[in-house]
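Protein chains: 2
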Amino acid sequence: MTMWEEQVLDTARLRDDAVTLAHGSGGEATRTLIDAVFREAFGNPLLDRLDDSARFAVNGADLAFTTDSYVVSPLFFPGGDIGELAVNGTVNDLAVSGASPLHLSAAFIIEEGFPVADLRRITESMRDAADAAGVDIATGDTKVVQRGKADGCHINTSGVGVVHLPPTGEMRPGDAILVTGPIGDHGATIMLARGELDIAADPFSDGLVSDELVSDTAPLNCLLADLATCCPGAVRRMRDATRGGVATVLHEMAAESGLAALVDEDAIPVRPAVRGACELLGIDPMYVACEGRAVVVVSTEAAEAALASLRAHPLGADAAVIGHVHDDPPGTVLLKTGDPLPRIC
Amino acid sequence: MTMWEEQVLDTARLRDDAVTLAHGSGGEATRTLIDAVFREAFGNPLLDRLDDSARFAVNGADLAFTTDSYVVSPLFFPGGDIGELAVNGTVNDLAVSGASPLHLSAAFIIEEGFPVADLRRITESMRDAADAAGVDIATGDTKVVQRGKADGCHINTSGVGVVHLPPTGEMRPGDAILVTGPIGDHGATIMLARGELDIAADPFSDGLVSDELVSDTAPLNCLLADLATCCPGAVRRMRDATRGGVATVLHEMAAESGLAALVDEDAIPVRPAVRGACELLGIDPMYVACEGRAVVVVSTEAAEAALASLRAHPLGADAAVIGHVHDDPPGTVLLKTGDPLPRIC
Chain A
6 MTMWEEQVLD TARLRDDAVT LAHGSGGEAT RTLIDAVFRE AFGNPLLDRL
56 DDSARFAVNG ADLAFTTDSY VVSPLFFPGG DIGELAVNGT VNDLAVSGAS
106 PLHLSAAFII EEGFPVADLR RITESMRDAA DAAGVDIATG DTKVVQRGKA
156 DGCHINTSGV GVVHLPPTGE MRPGDAILVT GPIGDHGATI MLARGELDIA
206 ADPFSDGLVS DELVSDTAPL NCLLADLATC CPGAVRRMRD ATRGGVATVL
256 HEMAAESGLA ALVDEDAIPV RPAVRGACEL LGIDPMYVAC EGRAVVVVST
306 EAAEAALASL RAHPLGADAA VIGHVHDDPP GTVLLKTGDP LPRIC
Chain B
6 MTMWEEQVLD TARLRDDAVT LAHGSGGEAT RTLIDAVFRE AFGNPLLDRL
56 DDSARFAVNG ADLAFTTDSY VVSPLFFPGG DIGELAVNGT VNDLAVSGAS
106 PLHLSAAFII EEGFPVADLR RITESMRDAA DAAGVDIATG DTKVVQRGKA
156 DGCHINTSGV GVVHLPPTGE MRPGDAILVT GPIGDHGATI MLARGELDIA
206 ADPFSDGLVS DELVSDTAPL NCLLADLATC CPGAVRRMRD ATRGGVATVL
256 HEMAAESGLA ALVDEDAIPV RPAVRGACEL LGIDPMYVAC EGRAVVVVST
306 EAAEAALASL RAHPLGADAA VIGHVHDDPP GTVLLKTGDP LPRIC
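The listed protein sequences derive, respectively, from chains A and B.
For what it's worth, our numbering labels the leading residue of the first sequence as 6, then goes sequentially.
For what it's worth, our numbering labels the leading residue of the second sequence as 6, then goes sequentially.
If we strip away everything but chain A, and leave its shape as in the complex, we get (with noise of 0.2 Å):
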C-alpha cells in the first residue's frame, strides 16, 4: 500500500464529524486524527516518523526537538502535578529518542481567577522538575483566557535536545523487550484523585491504601543515557509509556515494525495498589498511563546487561523483561496465554 492510499484510508476512518475525547486517549483514534487531519496537512519527512521527537541536524549539530500539551486534571496529586509532568514528559520525549535535554520552553494559558498562589507552586515543582533533569526552562509565553476557556492552568513545554544516541536498527525477531519499572501508578493515581474510584477504605484494608497509589512522574534522561552507554549498538527502541500505557507502546511498536510482540503478563511489574485500582475500575495496567517509565527494546544478546543497567539506577530498581519480539503474526500484540492485546479505540 503506498503512502497516498494509505493516508486516503485513514481519512476514510475518520468518520466522526466532531472531535470527541476518545480523540484525546492516545490509541486508534487519537492516530486515526492524527493520520486523517494533521499528517494530512502537515505531512512530512520529520513529522510522518511520528517519533517522541523530531531529530534533524542544523550546521552539523544533531538535535532533536519534541513538544507536548499537559491539562491533566486534578492540577495537584500525589506524587507530583502539571508542573513537575510538564518537565518530566517533555524531558523523558528527548531522552527516549536518545537526546541529552538542554532546554525546555513553558507556555502557560490560565484561567481568569487562577489562584496565583496555585501558579507559583507549580512554577516551583517546575523549577525543581528542571535541576533534576539537567535542563533550563529557556524561553516562555504567558496567555490568560476568560473564566471558563481553560481548566485552571494549562501548560505546553517543548524542548530542544543534543543527540547523543545514533540512529539505532531496525526491531529483530528474538529482541527483549523491558520496562524500566512497575506501571500505571500515573494513571491509577490521577483517577483516584479524581474520584473515579467511588471506594471507601476498606477495599484497602489488606495494605492496598490510596497512600499508596503516588504517580511514577520522573525523568528518564540519566537513566537511558546509562543504558546507551552500556549497550551501545544494541538499543532498538525506546518509548516513554504515557497516555494508553504499555499496550499502546507495543501496540505501535508492533506496527511500525511488521513485528509482533510476545509479552508474559506475569512477568510485567505491577504494585499491589496499582493492580487493586485497575480491578475495581475492572480495567487493564497495560493501558493506564505511566509518566516516568519507558518501553525499551534490545537485542538478545544484551538483554542481560540492559536489565542490570536499569536496575543499577533508581528510577530502574524494578526493571523487567516482559516479553520478546517474533516475526509473526506481523504487527499483532499477543499474550504469552494466545490471547491477542487488543488496541484501544
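FYI, nobody ran anything at the bench for these hints, they're computed from the structure.
Quick caveat, the model's predicted, so the values are computed rather than measured.
Mixed in with the good hints, there may be bad ones.
Per label pair, the in silico range of CB-to-CB distance [stated by the list, open to error]:
#: 1; chain 1: B; residue 1: A23; chain 2: A; residue 2: T25; range: 26 to 34 Å
#: 2; chain 1: A; residue 1: G343; chain 2: B; residue 2: R126; range: 42 to 50 Å
#: 3; chain 1: B; residue 1: P334; chain 2: A; residue 2: S78; range: 46 to 54 Å
#: 4; chain 1: A; residue 1: R199; chain 2: B; residue 2: P178; range: 56 to 64 Å
#: 5; chain 1: B; residue 1: P178; chain 2: A; residue 2: H169; range: 43 to 51 Å
#: 6; chain 1: B; residue 1: N49; chain 2: A; residue 2: G238; range: 34 to 42 Å
#: 7; chain 1: B; residue 1: G263; chain 2: A; residue 2: E175; range: 53 to 61 Å
#: 8; chain 1: A; residue 1: A62; chain 2: B; residue 2: T305; range: 34 to 42 Å
#: 9; chain 1: B; residue 1: A310; chain 2: A; residue 2: A62; range: 46 to 54 Å
#: 10; chain 1: A; residue 1: T25; chain 2: B; residue 2: T305; range: 53 to 61 Å
#: 11; chain 1: A; residue 1: H169; chain 2: B; residue 2: P120; range: 42 to 50 Å
#: 12; chain 1: B; residue 1: P83; chain 2: A; residue 2: N49; range: 28 to 36 Å
#: 13; chain 1: B; residue 1: P120; chain 2: A; residue 2: D332; range: 37 to 45 Å
The C-beta atom is built at its ideal place from N, Cα and C for all residues, glycine as well.
Take the given structure of chain A and dock chain B to it, following the hints.
Chain B alone, transformed into the frame defined by chain A:
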C-alpha cells in the same frame, strides 16, 4: 539595585491573589506576573533576557528557540485564522531575534465537540503559512479536553531557528525607530469580529467599511533577513508588535536601554479603517496588536538604507521612520508633542 532587590520589589508589586485578564494584556501587569512568578521560579540568564527567543549554541550551531500559545477568539477572522497566526507568530519571534526559522512544533488542545471541518481548515491554513515562511511542522501533540475546558481550539507553536544576525550593539541616542508597516490592523479586526464595535455600516460610509479591516498576520522572516543583509551591523533591535502594540514594544525598549524613545505621531502609518475603529472604541492604535509588523531600531546612518530595504519588500511597502532614540528622560516614551505615552496596565 541588585537583581535580588529588583525581584523582591516585583514580588511585592504582584498584589493580586488571582490571575486576571490584565495579566494577559502584554502590558505592565503581564510583566509583573512574569517577574514575580515565572522569573522568580525559573530565573536563568537565557530566560532573564525576556527576548522573543532564547539564543544558545549547541555543538557550534547558533540556535534560537521560542514558544507561543495562541488563544484568539474568534478562531476565524478577516485576513486569517488561529492557524495562520500560530505559524506566523512563532516565525516572527525567531525572525526578530535574528534567526532563520527552520522547524516548528504544533500542539493542539481541542475542546470536545469541536468540528473536524474547522480543524481541517485550521491545519490547512497552518500548512500554507508554513510553506510561505519556508518552515516545516516537524513534531506535534494533540490533547482533547471536556466541553467547557477550552475555547474550541488552543494552539501552541514552538520554533527552532538558526541565528544569522550576530548580537547587535545596544541602542544609542540618535538611532532611528522604524515600523515595517501600518499598525493595529490585526487587533482592530479582532475587536470588530468579536462585536466589540457595536456599530452599523454608517460610521464606515466614508470609506471606512469593515471590509477594509483585515488582520495583518504575515511572516516577517524574509523582510527582516533582507534588512540585516542590507545594513550589516546597523540593526540595534527588532521586536514584533503583538500584544500591547507598538507602544508596549517601545516601552520595553526604553526600559531595557535606559534611554528615551521620542515618537512623531504624525509619522506613524495607520490605515483609515483602523483609525476609525480605534476612534469609535476610544483606544490609541499604538496599543493595538499587530501580527505582521515589527519595530526596528537602526543606527542614524543606516536609517535611509533600512527604510529603502523594508519598502522594497511587499510586506514593508508602507514602512516608516516614526521616531528617534534620545538619552533623556531615561526609560520613557514621549510623543513629539512632549506628552508621555503611558504604559498600559
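Results for each hint:
no. : hint                         : verdict
1   : B/A23 to A/T25: 26 to 34 Å   : holds (32 Å)
2   : A/G343 to B/R126: 42 to 50 Å : holds (47 Å)
3   : B/P334 to A/S78: 46 to 54 Å  : holds (49 Å)
4   : A/R199 to B/P178: 56 to 64 Å : holds (59 Å)
5   : B/P178 to A/H169: 43 to 51 Å : holds (48 Å)
6   : B/N49 to A/G238: 34 to 42 Å  : holds (36 Å)
7   : B/G263 to A/E175: 53 to 61 Å : holds (59 Å)
8   : A/A62 to B/T305: 34 to 42 Å  : holds (41 Å)
9   : B/A310 to A/A62: 46 to 54 Å  : violated (35 Å)
10  : A/T25 to B/T305: 53 to 61 Å  : holds (60 Å)
11  : A/H169 to B/P120: 42 to 50 Å : holds (43 Å)
12  : B/P83 to A/N49: 28 to 36 Å   : holds (30 Å)
13  : B/P120 to A/D332: 37 to 45 Å : holds (43 Å)
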